[in-house]
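Colleague: Residue strings, one per chain:
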Amino acid sequence: MDLFWGVLYLLLFPGFLFLLFFGLLFEWVDRKVYARLQNRVGPPIFQPFADLIKLLGKEDIIPGNVDRALFQYTPLIAFAAVMTPIFNIPLWSARALFPLQGDLLLALYLLSIPTLALFVIGWSSVSLYPLVGGFRAATMLFGFEVPFILTCLSGGVVAGSWSISDVTTYMARHPAVMLLLLPGFVIALLALEAKLERSPFDIPHAETEIVGGTLTEYSGKKLAVMRLVDDIGMVVGSSLIAAIFLGGFLFLDKSLIWSGTDFTPFINFMLYIAKSLFIVLLLALVRTLFARLRIDQMLDFSWKYLATGGLLQLFIAVVYAGALHG
Amino acid sequence: MKESIVIPIGPQHPCFKEPMRLDISVDGERVVDADIIISFNHRGVEKATEARTYIQNLYLMERVCGICSHSHATCYCQGVEEILGLEIPERARYIRSFIGELERIQSHLFWIGIAGHEIGWDTLLMYTWKDRERVNDMLEQISGNRIHYAMNTIGGVRRDIREEDRESLKRGLEFLEERAAYYVHVITEEETFLKRTRGIANLPTELAKQLCAVGPTLRGSNVKMDVRADDPYAAYEDLDFSVVTTDTCDVWGRGFVKASEILQSIRMCNQVLEELPGGDIRVKAPAKVPAGEAVSRYEAPRGELIHYIKSNGSNMPERIKIRAPTLANWLVMSEMLKGVYLADVAIVTDAIDPCLCCSARVTITDRSRGERRVTTLDALRRRRDGRTGVA
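Protein chains in written order, with the working numbering: chain D, 31 to 356; chain Y, -9 to 381.
Worth flagging that the hints you see were computed from the coordinates, not collected in a lab. Don't take each hint at face value.
Here are some, though not all, of the chain D residues that point toward chain Y, as calculated from beta-carbon distances under 8 Å [as the list claims (entries may be wrong)]: (1) Asp32; (2) Leu33; (3) Leu67; (4) Gln68; (5) Asn69; (6) Arg70; (7) Ser229; (8) Asp232; (9) Ala236; (10) Arg322; (11) Leu323; (12) Arg324; (13) Ile325.
With a straight-line Cα cutoff of 25 Å, these simulated DMTMM-like cross-link-like pairs (lysine to aspartate or glutamate) come out [said to hold, decoys possible]: (14) Y:Lys311 / Y:Asp221; (15) D:Lys62 / Y:Glu130; (16) Y:Lys328 / D:Glu237; (17) Y:Lys328 / D:Asp326; (18) D:Lys334 / Y:Glu181; (19) Y:Lys311 / Y:Glu77; (20) D:Lys334 / Y:Glu180; (21) Y:Lys278 / Y:Glu264; (22) D:Lys334 / Y:Asp221; (23) D:Lys62 / Y:Asp112; (24) Y:Lys300 / Y:Asp112; (25) Y:Lys120 / D:Asp60; (26) Y:Lys120 / D:Glu237; (27) Y:Lys328 / Y:Glu8; (28) Y:Lys328 / D:Asp330; (29) D:Lys88 / D:Glu237; (30) Y:Lys160 / Y:Asp127; (31) Y:Lys120 / Y:Glu157; (32) Y:Lys7 / D:Asp232; (33) Y:Lys199 / Y:Glu19; (34) D:Lys334 / Y:Glu179; (35) Y:Lys7 / D:Asp330; (36) D:Lys251 / D:Asp232; (37) Y:Lys300 / Y:Glu283; (38) Y:Lys160 / Y:Asp270.
All C-beta atoms, glycine included, are put in the ideal place defined by N, C-alpha and C.
Bound-form chain D, shown alone (with noise of 0.2 Å):
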């Protein structure tokens, strides 16, 4: 019986299917309210959903001198990493499906591994754009981990613990403390656009650049194999900012039994949803709003702003732990 549950976990709900579907939603969400931020009328709903169809029946095709294994399989592992954390995140109650002590680091190890896979993936390429883009892209890694890291540990240290589970149980009891966390929010949400590749960081991308960036040597599946890396990074990022971040406000701590029935989940589960669609909504307005920032600019911006403000926000987070546990 545990067998049938845990298929049905990795498959269903809140694997892939779930995942699948709601990769292609905020890929929606976000693309619908940058055109109309734009001025244009922006694609329908079912655009997302065709488009992965579309590619998965296009022609794959291995160029003739690639690392034929890495160029491959380096997709699949890719989005393996980025589907994973997913059980580690609270989405219904404050208890995820598998919490594990630590599964925070896990979360944001698992989650570096994408741009470690479009290094992999330049590299493997033997192509110039795709080279270059792999080495913008391992660049820019050192920009926005850091400040990434420190922020989402300083969750951590407020709440005293290595789990996210634990973490979002902590601020739904202390709504207060996300206040203190406001400053790590904000840093959180910059380095996950840069996480994610968006503008004004899409560097390892940029079209007037180097056309089609990392992925210019792929097509078919493993093209959309990799818009869906995209996609699901942006659910699981944004639901592990919301699991940290906006845990506290918009939680339900206390159960909600009406006629017989525990509503509770179902509630928690709809208010997960709006607090990850918030966050897509404010990283499709950052997406809108500012000009491509260059390599070394933008490495200047993550160490003397981002990593400034997340080793404060860790300081800030360390003093308030030991004021209430020391």
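Got chain D sorted already, so can you dock chain Y onto it with the hints?
Modeller: Leaving out everything else, chain Y in the frame of chain D:
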């Protein structure tokens, strides 16, 4: 030893709207050297003019370029009128200026959008291009066409600005003025735009003069030079405007000049609508042009445009030579590209607002010997008739 990779940009590349190629040698992200290869789009317009009558050439001239169609047609007409000794009516002069300025507005709005796209800011592209629709609509209202207005003829213009259009044109100009002022504000204030354009691709005043830059590229390097002011044609002698220059000498300066020129153009258009003199819009011109030659200058949106026309007494020209502004700006571009980041190549290239269809030349590349030379049409004919082999 420093190793550099050569990154080919073009002939087909998202950063160019027309085919051209840049061989960029990069050391990491820095551009060490840039090799500009143009002429993927040679159409032989100059030669084609020699087999057409002066009236037929009007249509050909208009199609030298899509964005500055009025510039080429006006420049050509001015040249032919000079040989004929034809004085065109006052009203025609004003209408030529009016259309010319509307064209400048749409061309500069077009540029701001493309510049936004080059630095990954598509929002700016969508905004400016939406507003550009309004100018195109106004041009359509007057001429019946959005791009190729076909307003010019030898001896004047073909269509009048009607009294009943005056109000809606004024409203359109009002709208554009508001938007243009907003874009000047955006360009001067928006932090990421400044980050990507300020201090990039410096072109000192002296170098700009030495390499004969033209148009906004030159004025962005603080040289006050504009054919409209220096050698007025059409109605510019009677119109009030100031030549915009900046002393920043960078990509931002070139952009700022273009955005500010929109405001100047709107000022001139309003003045034309106020002071448009009455009378005929054209005089009759003879079909045959006496032998002679003329050089005609025109300030196109991208800079000084020169047409040289030589007639031989028949109804077809002997020779027409077009010096498009982009051709004059290639030299400074290759200079500007040195030392910038790879990421800046797109915006630096775009800063001169290259218009390739105007400036294509035939270049032969010999891969085996690694040399490149410009060829003549005769040599091309010989090659067609004789052996092939040189790629």
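Colleague: Give a verdict on every hint.
Modeller: Results for each hint:
Using the Cβ-Cβ criterion of 8 Å, the hint placing Asp32 of chain D at the interface with chain Y is not satisfied: the shortest such distance is roughly 49 Å. With a cut of 8 Å, the hint placing Leu33 of chain D at the interface with chain Y is violated, because the nearest CB-to-CB distance is about 48 Å. Hint on Leu67 of chain D holds. Least Cβ distance to chain Y is approximately 7 Å, under the 8 Å limit. A least Cβ separation of about 4 Å between Gln68 of chain D and chain Y falls short of the 8 Å threshold, and the interface hint therefore holds.
With a least beta-carbon distance of about 5 Å to chain Y, the hint placing Asn69 of chain D at the interface is held under the 8 Å criterion. Checking Arg70 of chain D against chain Y by beta carbon gives a least distance of about 6 Å; that is within 8 Å, so the hint holds. Taken as an interface hint, Ser229 of chain D checks out: its beta carbon lies about 5 Å from the nearest beta carbon of chain Y, inside 8 Å. With 8 Å as the threshold, the beta carbon of Asp232 of chain D comes within range of chain Y, its nearest partner Cβ sitting at about 6 Å, so the hint holds.
Given the 8 Å rule on beta carbons, the hint for Ala236 of chain D holds: about 6 Å separates it from the nearest Cβ of chain Y. Hint status for Arg322 of chain D relative to chain Y: holds, with the closest Cβ pair at about 3 Å, below 8 Å. Among the interface hints, the one on Leu323 of chain D holds; its C-beta lies about 6 Å from the nearest C-beta in chain Y, closer than the 8 Å criterion. A hinted interface residue such as Arg324 of chain D counts as satisfied when its beta carbon comes closer than 8 Å to some beta carbon of chain Y; here the least separation is about 5 Å, so the hint holds.
Annotation: interface hint on Ile325 of chain D holds; nearest CB of chain Y at approximately 6 Å, less than 8 Å. A hinted pair counts as satisfied when its Cα atoms are at most 25 Å apart, and Lys311 of chain Y with Asp221 of chain Y qualifies at roughly 20 Å. Taking the CA atoms of Lys62 of chain D and Glu130 of chain Y, the gap is about 32 Å. The hint is violated against a cut of 25 Å. At most 25 Å may separate the alpha-carbon atoms for a hinted pair to count; Lys328 of chain Y and Glu237 of chain D meet this at roughly 21 Å.
Of the pairs offered as hints, the one joining Lys328 of chain Y and Asp326 of chain D holds, with about 18 Å between alpha carbons and a cut-off of 25 Å not exceeded. For a cut-off of 25 Å, the pair hint linking Lys334 of chain D to Glu181 of chain Y stands: about 16 Å separates their Cα positions. Only pairs whose Cα atoms come within 25 Å are accepted, and Lys311 of chain Y paired with Glu77 of chain Y is accepted, the gap being roughly 23 Å. The straight-line distance between the Cα atoms of Lys334 of chain D and Glu180 of chain Y is roughly 20 Å, inside the 25 Å bound, and the hint therefore holds.
A C-alpha spacing of about 37 Å is found between Lys278 of chain Y and Glu264 of chain Y, which places the hinted pair above 25 Å, so the restraint is violated. A C-alpha spacing of about 52 Å is found between Lys334 of chain D and Asp221 of chain Y, which places the hinted pair above 25 Å, so the restraint is violated. At most 25 Å may separate the alpha-carbon atoms for a hinted pair to count; Lys62 of chain D and Asp112 of chain Y meet this at roughly 14 Å. Of the pairs offered as hints, the one joining Lys300 of chain Y and Asp112 of chain Y is violated, with about 45 Å between alpha carbons and a cut-off of 25 Å exceeded.
With a CA separation close to 21 Å, the supplied pair Lys120 of chain Y and Asp60 of chain D stays within the 25 Å bound. This hinted pair checks out: Lys120 of chain Y and Glu237 of chain D have alpha carbons roughly 22 Å apart, not beyond 25 Å. For a cut-off of 25 Å, the pair hint linking Lys328 of chain Y to Glu8 of chain Y stands: about 22 Å separates their Cα positions. Between Lys328 of chain Y and Asp330 of chain D the CA atoms are separated by roughly 23 Å; this keeps the pair inside 25 Å, and the hint holds.
The hinted pair formed by Lys88 of chain D and Glu237 of chain D meets the criterion: a straight-line CA distance of about 22 Å does not exceed 25 Å. Using a Cα cut-off of 25 Å, the hinted pair Lys160 of chain Y and Asp127 of chain Y holds, with the two alpha carbons roughly 13 Å apart. Among the hinted pairs, Lys120 of chain Y with Glu157 of chain Y is consistent with the structure: their alpha-carbon atoms are about 21 Å apart, no more than 25 Å. Proximity of Lys7 of chain Y to Asp232 of chain D is assessed by CA-CA distance (about 21 Å); at most 25 Å being required, the pair is judged to hold.
For a cut-off of 25 Å, the pair hint linking Lys199 of chain Y to Glu19 of chain Y is broken: about 29 Å separates their Cα positions. For a cut-off of 25 Å, the pair hint linking Lys334 of chain D to Glu179 of chain Y stands: about 21 Å separates their Cα positions. Restraint check for Lys7 of chain Y and Asp330 of chain D: the C-alpha separation of about 32 Å exceeds 25 Å, so the hint is violated. Simply put, Lys251 of chain D and Asp232 of chain D have alpha-carbon atoms about 23 Å apart, close enough for the 25 Å limit, and the pair holds.
Pair hint Lys300 of chain Y plus Glu283 of chain Y holds up; C-alpha atoms about 4 Å apart against a cutoff of 25 Å. With a C-alpha separation of about 23 Å, the suggested pair Lys160 of chain Y and Asp270 of chain Y falls inside the 25 Å cut-off, and the hint holds.
Hint compliance for this structure: hints 1, 2, 15, 21, 22, 24, 33, 35 are broken, all remaining hints hold.
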